[in-house]
Structure formats: C-alpha cells, structure tokens
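**Q** Residue numbers (the working numbering), protein chains in the order written: chain A, 7 to 367; chain B, 7 to 367.
Each hint should be verified, as a subset may be incorrect.
Since copy identity is lost for identical chains, a pair holds within one copy or between any two.
[Stated by the list, open to error] With a Cα cut of at most 35 Å, we get these calculated DSBU-like pairs of lysine-lysine: (1) K238 x K131; (2) K316 x K238; (3) K112 x K238; (4) K191 x K360; (5) K360 x K272.
Since the hints were derived computationally from the structure, they do not count as laboratory data.
This structure is a prediction, so every number in the text was calculated from the model and none was measured.
Number of protein chains: 2
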Amino acid sequence: MTARIVNFNPGPAALPLQVLEQVRDEFLNFRGSGMSIAEISHRSALFEQVLNDAIERVVRLLKLPGDFKVLFLQGGASTQFVMIPMNLIPEGSSADYINTGTWATKAIKEVEILGKPHKVIASSKDRDFRYIPKDFQVTPGAAYLHFTSNNTIKGTQWATFPKAGDVPLVSDMSSDILSRPFDPKPFGLIYAGAQKNLGPAGVTIVIIREDMLAREPANLPTMFRYTTHAEKNSLYNTPPCIAIYMVQLVLKWVEETIGGLEAMEKINREKAGLLYGYMDSTDFYKGTADVDSRSMMNVTFRLPTEDLEKKFVAEAQKEKLGGLKGHRSVGGCRASLYNSISKEAVESLIAFMKDFAAKNG
Amino acid sequence: MTARIVNFNPGPAALPLQVLEQVRDEFLNFRGSGMSIAEISHRSALFEQVLNDAIERVVRLLKLPGDFKVLFLQGGASTQFVMIPMNLIPEGSSADYINTGTWATKAIKEVEILGKPHKVIASSKDRDFRYIPKDFQVTPGAAYLHFTSNNTIKGTQWATFPKAGDVPLVSDMSSDILSRPFDPKPFGLIYAGAQKNLGPAGVTIVIIREDMLAREPANLPTMFRYTTHAEKNSLYNTPPCIAIYMVQLVLKWVEETIGGLEAMEKINREKAGLLYGYMDSTDFYKGTADVDSRSMMNVTFRLPTEDLEKKFVAEAQKEKLGGLKGHRSVGGCRASLYNSISKEAVESLIAFMKDFAAKNG
C-alpha cells in the first residue's frame with residue numbers, strides 16, 4: 007500500500023490498516039449474509055452481535071464495573087454538551103465545569119443556553135489554555151464535575167484526572183479515550199466522538215453509570231433522554247450501523263493486536279516522548295503547551311515564522327506526511343498521534359523535521 | 007457476485023451494487039488522497055467536494071427552488087420529530103398533524119412532550135392505519151401541516167400530497183424520497199433518514215425553506231437549531247462522512263445511471279404494479295392496505311395462516327430472497343421495493359410466491 011500516506015489528522019483520523027482492509031474485504035458480503043454491512047437490518051442477529059461485541063470490548067478494555075451502560079449515539083460530542091446538563095442536573099442542583107479550551111467552552115455554552123445552574127470552578131483561559139489547571143475547589147454536592155480529558159486544539163491533556171470526592175466526574179474523552187487505562191469508578195458519564203481513537207465519524211460513545219439515568223427530569227424529548235437509548239441497547243431507532251461496525255473492529259484491534267490499554271499507553275508514551283524529546287532538543291520547533299500539561303495525543307508546535315509553517319506543512323505533504331496543519335483557530339502545526347499512528351510513523355516525522363530544520367534553520 | 011442475496015429489507019435496505027463496489031474499491035485510498043474516506047478531514051477540499059456534489063444533486067433531482075437549503079444531520083428522523091416543533095412553531099402558533107401510522111404517531115408524541123400547540127386534523131387509526139385520510143380541514147394559519155409521505159410499517163403512501171394552501175407542508179419522506187418527482191414549492195421542510203432510498207443508516211437529510219429558518223425561537227441549544235447547520239453547510243461539527251459519501255454515490259446513481267426521478271418513478275410503478283397485480287390475482291396473498299392507499303415502496307401482505315407466513319419467509323431466505331418478514335408490531339409479510347430493487351428482483355419474488363402458493367395453497 008505505498009499509495010497510502012502517514013496521516014496525522016486531528017479527526018477524522020488515521021485508522022488501523024487491518025481494520026480498513028477488513029471493511030473493504032467484506033463490504034459486499036458481510037459474514038456470509040449476502041448483504042453489505044450497509045444493507046443488513048439493525049435488528050438482525052448479525053448486527054446485534056457486532057453491537058454487543060463492541061460493548062463487551064469497551065467494558066473489558068476500560069474495566070467498567072457492572073453498573074455502567076455503554077451506548078452508541080449520534081450527533082457527536084456537541085450533542086452531549088447539551089444532553090448532559092439536560093439529563094444530569096436535577097432541580098435544585100448545580101454542576102461544576104473546568105474550562106481548558108475550545109471544547110470545554112462549547113460545553114459550558116450549552117449549560118448556559120439551557121439556563122441550568124452551573125459554576126466554572128477553574129479555567130486556563132488567562133494563558134490561552136496552554137495548561138491544565140491545578141488549583142480548584144470542587145463544589146460539595148455538585149451534580150457533576152465536567153472536564154475535557156484531552157484538548158485537541160490546544161495540545162494539553164490531564165495527566166491524572168481531577169479528584170472530586172463524591173461528585174461524579176463527567177468527561178469529554180473524544181480525543182484520548184482508549185489511549186491509556188484509568189479508573190472508571192469516579193465517573194458518572196464518559197463520552198467520546200469516535201473519529202479520533204475509536205473509528206470513523208458518525209457515532210459517539212456514551213458510558214453512563216446507572217445512578218445517573220435516574221436523574222432524568224420529566225418531559226424530556228425521547229431522543230434526548232439517556233434512558234431511551236439505555237433501555238433499548240442503543241436500538242431505539244436505526245443506529246449508524248457502519249460506524250458502530252468499524253468501532254467494533256478498532257476495539258478488537260486494540261484488544262487483540264495491541265494487547266489492551268496498558269500496552270497501548272506504553273506505545274503512546276513512547277511516540278509522544280520521541281517527538282517532544284526531539285522538539286526540546288532544538289530551538290526551531292517550539293511546543294505551545296506547558297511541559298507538565300502536554301498531550302500525548304496532539305502535539306502542537308510553532309516554527310520561527312508563519313511562512314515556514316506553511317512551507318513545513320506543504321513539504322511534509324509531499325513526503326506523504328499529511329494533516330500537520332494546526333487548527334484554523336490557533337494556527338501553527340499539530341501532529342496528532344492517536345492510537346493508529348505507529349512509532350515508525352513518528353520516527354519518519356522526526357526525520358523530516360530534522361531535515362526541514364537543517365535546510366530552513 | 008452470486009453470493010449476494012436479493013434484499014427486501016425495510017431499512018437499512020439494499021443499495022445499488024455499483025455504489026457498494028465503488029466504496030470497496032476506493033476504501034483504502036480515497037481519490038488519490040492516500041487516505042480512506044473514513045480518515046480524511048471533514049474540512050478538506052476533498053470532503054467538501056463530496057458534500058457539495060451531494061447537495062447539488064439533491065437540488066437538481068428534486069428541482070428545488072433557490073430558497074431551499076439541503077442539510078445532512080445526525081440522529082435519524084426520530085430527532086427531526088422533536089427538532090421540527092422546537093424550531094418551527096413560533097409563540098402563539100399551532101401546527102397541524104395527520105396521523106397515518108407508527109411514525110406519524112411518534113412525531114405527534116414529541117410535539118406533545120414539548121407542550122407546543124398542535125392539532126391532529128386527521129387519522130386513519132380507526133382502521134389500523136390501512137388507508138390515507140382524504141377528508142380533513144387544514145387549520146388556517148397553522149405553523150405547518152406535518153404528514154408521513156410513505157408508511158413503511160402499514161404499507162400505505164400518499165398518492166398525491168395534501169393541499170394546504172398557504173400552510174407550509176412538513177413531511178417525513180424517509181421511506182419514499184427520490185422514488186418519484188413532486189413539486190417542492192408547497193414544502194417548508196422535508197426530512198428523510200438515509201437508510202432506505204438514500205444510502206446507509208447514520209445520516210438524515212433535511213431540506214428546509216429559508217423562511218422557516220427565521221422562525222427559530224431564542225435560546226435553543228446549538229445542535230438543535232437548524233440555523234446552526236444551515237449557516238455552516240452541515241459542517242458545524244464533524245459530520246458522518248462515510249454516510250454522506252455513500253449518499254452522494256447513490257444520488258449519482260439515481261441521476262446518471264437511472265436518469266432522474268421521472269425514470270425512477272416509472273421503474274418503481276412497474277415493480278409495484280407487477281407485485282400488486284399478482285397478489286390481486288390470487289386469494290393466497292392478501293394485501294393489507296386499501297387499494298387506493300397502497301405504497302409503491304413497502305408492499306405488506308398476509309398469507310392464510312401465521313405458520314405459512316413463517317414458512318414463506320424462511321423458504322424465501324433459502325432462495326436468496328431476504329427481508330420479507332413484516333414489522334414486529336404488525337406481523338405478516340412485507341416486500342420493500344426501494345429504488346435499488348430491480349424489476350428482475352421483483353419478478354424472481356413473484357416466481358417464488360407463485361411456486362409457494364402452488365405447494366401450500
């Protein structure tokens with residue numbers, strides 16, 4: 007497959023080649039059904055196997071206790087920004103939020119639009135979200151504490167998750183779910199758009215603790231209630247079948263080819279370590295995040311000038327290293343090192359960076 | 007492709023073989039990008055071409071005037087059941103609904119949950135939704151008149167759309183969009199889950215007239231506002247890229263291989279005519295819908311006994327004729343004759359039906 011490029015896109019992002027090959031190979035006849043995965047009924051035994059296998063793999067990989075439900079929904083993390091406060095802030099209660107960048111800001115905007123009580127207990131906006139806040143007080147009795155575990159645009163990540171005592175954690179893990187193991191017990195809800203570490207765009211995983219389901223207020227529209235989807239195993243209405251199927255294949259790859267989240271984290275630490283290590287050894291590339299807040303998933307950096315950044319992205323593309331442009335809102339460069347990016351891919355990026363710095367430094 | 011079956015599934019449903027083959031053939035390297043369609047950025051020129059081509063084809067196929075926007079959203083028709091009354095019933099106004107079965111009933115349930123003024127001006131519930139109501143008064147000044155153009159479960163279809171004067175029509179066309187031409191001008195909004203005539207599950211097309219966008223009340227959550235998606239050309243957040251791409255290929259097939267909606271309707275009329283014609287010539291198979299309300303898309307019928315129905319579905323499956331079981335809520339049998347089902351497929355079904363009736367009659 008020499009025609010394929012190394013794809014550092016921030017999402018939709020690179021997927022494991024073996025997953026793509028399997029989708030291609032069985033696309034006209036899914037497991038002997040004589041139909042494409044795009045054509046089979048979501049109520050068929052064949053599809054339910056796919057769905058339930060995906061759920062079981064999430065449970066095993068994240069070591070979820072028995073009181074968590076795994077849902078596959080539509081609408082992206084952006085829809086969760088509003089469904090969470092709609093469902094999980096009961097009358098008379100208030101939720102805590104920590105603002106670490108673009109996505110957290112959007113989550114906070116939705117709780118504001120709903121007019122639900124909430125408090126932003128910490129923010130790193132004072133320094134353009136270059137760091138993860140350390141000093142904050144969780145409000146005793148808060149409905150939940152919402153935070154974004156990894157900030158795709160700003161290149162920061164929570165190294166360890168906030169301690170909130172009895173207050174359930176709610177986290178947008180869109181850009182680092184499955185990248186490392188963690189203790190799920192303090193969480194009331196975890197959500198993630200699939201298009202970074204989980205699969206293609208078009209499905210959002212929601213992991214919800216059962217006691218959170220009981221908080222639902224009366225008279226919510228059917229599709230906006232977590233109970234609707236939990237009671238029907240994500241089959242209340244037609245789910246995004248192809249996306250769920252591809253997520254199932256990616257989960258299988260993490261579990262069986264990589265060997266689980268401990269092994270995945272080791273690879274991810276090694277990849278990020280190589281790239282940050284090289285960047286720290288030169289003045290040509292400068293990381294934008296504080297060292298202790300750096301993301302293993304999204305490495306954001308600047309070159310000496312914007313012209314050099316443009317040239318860097320364009321020349322890298324010619325060398326089959328794609329997707330290195332920073333988010334349009336912040337500029338600069340970004341290499342997203344999601345699970346599917348191999349150590350070899352990072353090494354080839356570093357080799358290119360060295361060469362580019364030598365020629366342009 | 008002898009391994010493929012003839013797939014009469016009601017949705018997700020059969021797709022044109024040439025579409026599936028193209029997806030397969032370019033799945034590892036989308037149009038020279040070196041990436042899968044599942045891996046490319048939704049903000050890349052390559053993806054925007056796909057999206058815009060899909061939009062332009064919808065405009066051409068449906069002959070939409072310039073004041074219509076074509077959106078690709080997530081969440082299925084079920085999410086539209088609530089977004090429509092949220093967005094399109096201004097303060098002091100009330101909407102009309104016609105109830106023709108399961109899906110219309112669900113749409114009415116959501117306007118009830120929202121507590122928005124509405125009136126069910128006609129219903130065919132008195133005879134288990136076997137017919138399309140003919141006598142009804144549209145309320146002058148109603149916000150809109152909502153109806154389901156084709157009823158997948160009950161096997162009925164509006165032969166001609168209701169006349170509502172100045173009241174904008176709003177229609178769930180999930181199961182018959184693109185099956186025939188119609189005049190779009192009386193419509194304020196048309197919506198359709200893709201998984202019948204348009205593509206795979208996971209994307210919903212919403213066609214909205216610009217004056218409808220102006221009705222939006224203050225303080226709606228961002229993702230539930232049509233304006234959010236209209237202003238960003240369906241790219242406010244990451245869209246379901248694979249599903250949109252496959253819809254684009256299906257639209258291309260309808261436009262270029264079939265030759266447009268007039269040609270499509272001719273084929274669909276011929277297919278339905280053959281099957282209903284045969285059914286009417288025997289006492290063994292009995293259609294469940296009134297003759298003047300019959301659907302060209304979903305042909306629902308009963309056999310003399312439930313045991314024979316089970317046997318019919320099982321033996322058909324052995325002959326590679328799949329998906330003939332009726333909806334679990336109504337029983338019986340159903341053959342869905344969406345656009346991708348060829349005349350030859352219907353002829354092979356009829357041949358099987360004749361043989362089965364001869365052996366079991």
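**Q** All the hints need checking, so say for each whether the structure fits it.
**A** How the hints compare with the structure:
1. In this assembly of identical chains, K238 and K131 lie within 35 Å of each other by CA distance solely across copies; the values are 26 Å between and 40 Å within a copy.
2. Taking the closest pair of Cα atoms, K316 and K238 come within 35 Å of each other only across two copies (25 Å); inside a single copy the shortest separation is 49 Å, beyond that limit.
3. Taking CA atoms no more than 35 Å apart as the test, K112 paired with K238 passes in both settings, with 29 Å inside one copy and 16 Å between copies.
4. In this assembly of identical chains, K191 and K360 lie within 35 Å of each other by CA distance neither inside one copy nor across copies; the values are 43 Å within and 60 Å between.
5. Within a single copy, K360 and K272 get their C-alpha atoms as close as 25 Å, which meets the 35 Å cut-off; across copies the closest is 63 Å, which misses it.
Hint 4 alone, counting from the list given before, is not met by this structure.
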